[in-house]
Amino acid sequence: MAKSIEQLMELIDVIPDEPSKVGEFILPELMAVASAHEVRNDDIVFAGTGLPMVGIMTANYTTAPKAMLIYESGVCDGKTMHVPMSVCDHRAAYQCSTIGGLVDTFGFFLQSGYVTLGFLGGASVDKYGGVNVTSIGDYYKPTHRFTGSGGNSDIGTMAKRVVYIILQEKRRFLERNDYTTTPGWWCWDFKTNEWKPKREVWKNTPFAESGPAAVVTNMGVFRFDEKGEIYLESFFPGVTVEQVKENCGFDLNVKKVKGQTPTPTYRELFVVREFVDPELIFLPQKMDYSKEIQAIIDKG
Amino acid sequence: MPRIRGKTKTAEILTLEEAVKKHVKNGIQIAFSGFTGMNRNPFAFSWEVVRQGFKDLHSIDRHGSCCTWLLNAVNAIKIQETDWLGWGEMAGKIDLNMERNYKAGKMIIEDYAHGAMAFRFLAGAVGAPFMPYYAPLGSDLYNPKYDALGRAGLRDGKNPRIPKKKFIQMEDPFWGDGEVVLLPAARPNLAVLHVLQVGDKGTARWRGIGTIDKEIAFAADEVVVVAEEIVPEGELRKYPETNQVAYFTVDTIVECPWGAFPSAVPFCYDYDVPFLRSMDAASRNETDLKKWLDEWVFGPKNWEDFVVKLGTKRLLDLKADSVTGYSTRLLRGKKPAPRMKMALSVARSGY
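Line by line, the protein sequences are chains A and B.
No gaps in the numbering here: position 76 of the first sequence is 76 in our numbering, and each next residue is one more.
In our numbering, each residue's number is its place in the second sequence (first place is 1) plus 300.
Bear in mind the hints are in silico, worked out from the structure with no lab data behind them.
Computed from a predicted model, the values in this text were never measured in an experiment.
Hints should not be assumed to be uniformly reliable.
[Claimed, not checked] Taking lysine-lysine pairs in the BS3-like style, the calculated list, with each CA pair at most 27 Å apart, reads:
1. B:LYS403 to A:LYS196
2. B:LYS465 to A:LYS191
3. B:LYS378 to B:LYS641
4. B:LYS641 to B:LYS393
5. B:LYS322 to B:LYS309
6. B:LYS403 to A:LYS170
7. A:LYS170 to A:LYS191
8. B:LYS635 to A:LYS141
9. B:LYS393 to A:LYS141
10. B:LYS406 to B:LYS591
11. A:LYS3 to B:LYS322
12. B:LYS635 to A:LYS21
13. A:LYS79 to B:LYS445
14. A:LYS196 to B:LYS406
15. A:LYS291 to A:LYS21
16. B:LYS465 to A:LYS286
17. A:LYS3 to B:LYS635
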């Protein structure tokens, strides 16, 4: 018989917080949990629509319950019960502290320096974490025209740390983007027409040291070295380092690989399936639990 | 050219047809309320704009929406000055009508970013000619090569709605806090807002997110407020701290229930995911799009007829809960929403 939400809540602490095995989770669950691990409990998080929202909600429901969530439409610290489909979904605003608009979020919160973590998507990323969400090909005659910045460029340059969730493909991991919507650790200085470290272009501003911290893809987790260059930190189960390299448009640094990305724990999977996206909006399906876990659920 | 105001307006109550006829002209610059295609889009207003056949509009906005989707469906937008061109979020990220028109050279797109556009409207609202903003230095948004209106020769000062420059980058002269970008104020002809309630004198109230709706109301020369209901002005003045738009900026009031469909009006109704998806599907080829427009835009006798055509079942599913402000009966994904009483984070760790 279906369990009530109260019964499910009581079960959370009973489900073992141990790593699940390959075959017991699907890729979007792994991506949601891997990105959720980037959130600290004291973070002020500014998240975009889509998988970033699932990631941040997963973090908020597991390891970072005190992390404060800001959504660009004007929401401060929403206590979301149902996963929003958009940053302006009223679900994001449930029991929030204050509600305003874009001047609040981009001005009062972001430009004034409160935001410690940005959580964003992107169409392509360059070697230094610069992101394109605008167009492919010539800007004025694009082969593909995307949505354009939205909050990506603001959040991606002014949040202290930024995590991107991007699909891993050769055409999406590039030496240089066709159009840089959100600069990474290296970018153009249009005053002097030079390609420079972000630190120099943004010198003396409050955001010279803010920028990309990690990229989570469908193949692994990436970080940035002291030169601002991206490197592979861990790869997903079932993926090899060579496969990651093959799906990258430049010579990827794989010298710092620590190993396989930790798999989601049974408890994390339980929370994602029963509380984060039980409506199956982002997750394509709900997997069956393993016999052992199902027995615990049935017993509780 | 400086703008002199110095006059309060007396809001007039009109029908949707009359309001569109009075305020819209070919080629005007227009801003719509709400955020993305999912929240308080004045869809009925843009629907009527399309029915009355206006063209060559200059949309200036923070978002793509159901309004811009529909206007692009009939190629009524000539310039889209925006910071985000998606519209339907998870139901349809890219506006395919826009993409088609843009690739065919039928429209100009000028890119900004959310914060930048918010600050442009803030400047317009508070009467400042420009506003400084940091982000995003080093982005192609502020690459001098990428100034679409300049490239089209439209920054010659002849159009009082188009500033002579897209931006200027300068060093902070006061505190030495690095380089900043100066952004020109946004000064549209017309702002159209969809709200929950409006007083019969024009004071307007919404619940939930505000995006930059207060700013667009003060930045625009003319303001139309479309509301779910018109209430006696005195009722809104019992709790003035929950009102957002001052009556003296409002020119025209329209009562139009379900007028933001298929986007949401928090505490009234939710966004309609299947309908948004059907719009996205229709925009995939021109034959389907024409069929869709004939059925949903040119077919109904008036907006009320459009709402009746939606059917009772759909409206029941969309009706918002009185406590959450959204619908928990709506099937958004593959499974129904769980009966939550509080967020899990609150249940486990408090506020």
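Right, here's what the structure says about each hint:
1. Between the alpha carbons of LYS403 (chain B) and LYS196 (chain A) the distance comes to roughly 33 Å, so the proposed pair goes past 27 Å and is violated.
2. As the CA atoms of LYS465 (chain B) and LYS191 (chain A) are separated by approximately 16 Å, the hinted pair is consistent with the 27 Å bound.
3. Taking the CA atoms of LYS378 (chain B) and LYS641 (chain B), the gap is about 47 Å. The hint is violated against a cut of 27 Å.
4. Proposed proximity of LYS641 (chain B) and LYS393 (chain B) is contradicted: the alpha carbons are some 31 Å apart, above 27 Å.
5. As the CA atoms of LYS322 (chain B) and LYS309 (chain B) are separated by approximately 15 Å, the hinted pair is consistent with the 27 Å bound.
6. With a C-alpha separation of about 25 Å, the suggested pair LYS403 (chain B) and LYS170 (chain A) falls inside the 27 Å cut-off, and the hint holds.
7. The suggested pairing of LYS170 (chain A) with LYS191 (chain A) is violated, with an alpha-carbon distance near 32 Å, which exceeds 27 Å.
8. Simply put, LYS635 (chain B) and LYS141 (chain A) have alpha-carbon atoms about 42 Å apart, too far for the 27 Å limit, and the pair is violated.
9. Taking the CA atoms of LYS393 (chain B) and LYS141 (chain A), the gap is about 20 Å. The hint holds against a cut of 27 Å.
10. Proximity of LYS406 (chain B) to LYS591 (chain B) is assessed by CA-CA distance (about 22 Å); at most 27 Å being required, the pair is judged to hold.
11. Between the alpha carbons of LYS3 (chain A) and LYS322 (chain B) the distance comes to roughly 57 Å, so the proposed pair goes past 27 Å and is violated.
12. Only pairs whose Cα atoms come within 27 Å are accepted, and LYS635 (chain B) paired with LYS21 (chain A) is accepted, the gap being roughly 26 Å.
13. Taking the CA atoms of LYS79 (chain A) and LYS445 (chain B), the gap is about 43 Å. The hint is violated against a cut of 27 Å.
14. Between LYS196 (chain A) and LYS406 (chain B) the alpha-carbon distance is near 37 Å, which puts this suggested pair outside the 27 Å criterion.
15. The suggested pairing of LYS291 (chain A) with LYS21 (chain A) holds, with an alpha-carbon distance near 13 Å, which does not exceed 27 Å.
16. A distance of roughly 52 Å separates the Cα atoms of LYS465 (chain B) and LYS286 (chain A); the hinted pair therefore is violated under the 27 Å criterion.
17. At roughly 15 Å between alpha-carbon atoms, LYS3 (chain A) and LYS635 (chain B) fall within 27 Å of each other, so this suggested pair holds.
In summary, the numbered hints that this structure violates are 1, 3, 4, 7, 8, 11, 13, 14, 16.
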